[in-house]
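Q: Fit chain B to the supplied structure of chain A, relying on the hints for placement.
Protein chains: 2
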Amino acid sequence: MLRSMVSMQNEKVKLWKKLKQRKYRERERLYILEGPHLVQEALFSSPELISAILIDEAFHLPKDWPLETIEVYQVTHKIFTELSQTETPQGIIAVCQMVRPQITLKKGGYLLVDSVQDPGNLGTLIRTADAFGLQAVFLGDGCVDGYNGKTLRSAQGSHFHLPVIQRNLFDLATEMKHLGIPLYGSSLQGKDMTTVTVRDAAFGLVVGNEGHGASPELLAEMDEEVKIPMEGRAESMNVAVASGILLYWLQTGGLAHRG
Amino acid sequence: MLRSMVSMQNEKVKLWKKLKQRKYRERERLYILEGPHLVQEALFSSPELISAILIDEAFHLPKDWPLETIEVYQVTHKIFTELSQTETPQGIIAVCQMVRPQITLKKGGYLLVDSVQDPGNLGTLIRTADAFGLQAVFLGDGCVDGYNGKTLRSAQGSHFHLPVIQRNLFDLATEMKHLGIPLYGSSLQGKDMTTVTVRDAAFGLVVGNEGHGASPELLAEMDEEVKIPMEGRAESMNVAVASGILLYWLQTGGLAHRG
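Listed in order, the protein sequences are those of chains A and B.
Each residue of the first sequence is one higher than the one before, counting from 2 in the working numbering.
Each residue of the second sequence is one higher than the one before, counting from 2 in the working numbering.
Mixed in with the good hints there might be a few duds.
Pairs count within a copy or across copies, as identical chains cannot be separated in the list.
Said to hold, decoys possible - The list that follows gives simulated cross-link-like pairs (lysine-lysine, DSS-like), each with its CA atoms no further than 27 angstroms apart:
| # | residue 1 | residue 2 |
| --- | --- | --- |
| 1 | Lys108 | Lys64 |
| 2 | Lys151 | Lys21 |
| 3 | Lys108 | Lys21 |
| 4 | Lys64 | Lys79 |
| 5 | Lys228 | Lys108 |
| 6 | Lys178 | Lys192 |
| 7 | Lys79 | Lys19 |
| 8 | Lys151 | Lys79 |
| 9 | Lys13 | Lys24 |
Think of the hints as simulated: they come from the structure by calculation, not from any bench.
The shape of chain A in the complex, shown without the other chains (with noise of 0.2 angstroms):
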């Protein structure tokens, strides 16, 4: 059903503009996923997440999309402009309900994400978890916001193809031994992987912040610390990079030789 809005008193209007910050986000468990193809993806894949759908006055919505039971918004452009968290906003908008996605830990292989601050690094990492086929990804009390817009952008609609899971990860770490999953952590630290045997199709990997790595504290309770070997004068590698290389690692066995 479409409706118009052209008020930007509406209380609903209110509501979704104070989305753009995490408190309200947290409160309303609301968040918003901004342009055609992200709010594709959640149509198709979660619809029953979506509480809204609003669109630009000048936005036409596609033909095929399966909107009959979504409700449908086409605002003013100026309150569009308004709710649109982006420089360029590309017309639509979904108001999405966060989920607190309950599962159970099963062998597999899961990604621990320590105090990462950069939404675009938290987002890339997201997706490389998804195409890794990851069962989930945890977030630690000190990252950034899973639900910001930027990190939505740069996981390009992996938080509807896995559990994105606000998680103590220290307790997380405890849960994992029990069950024997063993766990590995990205650190500077660590031994040159390309020593390190992989025993086990399941794993925890842990990795942290961009300045200064995952806590010490948690590392301690890793099974393996271990870093990629660098050859250059860089310092270290991206947060986002770094998982990449060590989610190959971790899935294809972690043996590394030259052929």
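A: Showing chain B alone in chain A's frame:
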């Protein structure tokens, strides 16, 4: 020598301000490097490339920096803010000379970047190439500027560690073939990389645009098109993450086995 500048009308200030635009950077062969970390990297790696250092009136220069031969200008906060390309300026800028590195191709690793559009991605690619000790990064004609402020920031000083060279990638591919350097192209239509043997410690790796990958014409010149195995639902990976995985694979010999 420390000089003061108070007027926006000063000829030097006018020139520096223009360096926000790529066309003036290329005309003047100068670019702006921001923040104490990057300026320090330039000062200790390649002081001969620094044309001038500009500091905000409130900035305190570290006492142990070797500035004897460098022109340092203290500018008003207003001028500094006008020159800065960041939202939260850190009080120091270096105006640096671009180099036209003339390198002779030899056995070793090279990254060839085709039409990457996001400056952050390009910087991360350069940083990753540095971490793996590659010989050089080549930027094809359609790439975002290697001296964009965001590119420089995400490269974290790697521009001073390895040559970053603008070059026609077709000409370069031909030259590499003549030298017997095998060429690999990252492509979603490529062979599963875990089934491909890397024969040589020398290689050229081609990676491409965020949306479309490398151009088909360029990929047609490759010895091998390779694809990272993806088990999840993401359609693709971020270009910098994919490049990191492929470079790790090329550097460690390309074979992967579960232990």
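Q: Does each hint fit the structure? Answer for all of them.
A: Structure-based check of all given hints:
1. Lys108 / Lys64: neither (42 angstroms within a copy, 55 angstroms between copies)
2. Lys151 / Lys21: For Lys151 and Lys21, the Cα distance is within 27 angstroms both inside one copy (11 angstroms) and across copies (24 angstroms).
3. Lys108 / Lys21: neither (37 angstroms within a copy, 51 angstroms between copies)
4. Lys64 / Lys79: Within one copy only: 25 angstroms inside, 52 angstroms across.
5. Lys228 / Lys108: both (24 angstroms within a copy, 26 angstroms between copies)
6. Lys178 / Lys192: within (20 angstroms within a copy, 37 angstroms between copies)
7. Lys79 / Lys19: Within one copy only: 16 angstroms inside, 33 angstroms across.
8. Lys151 / Lys79: within (22 angstroms within a copy, 30 angstroms between copies)
9. Lys13 / Lys24: within (17 angstroms within a copy, 46 angstroms between copies)
In this structure, the earlier hints numbered 1 and 3 are contradicted, and the remaining ones agree with it.
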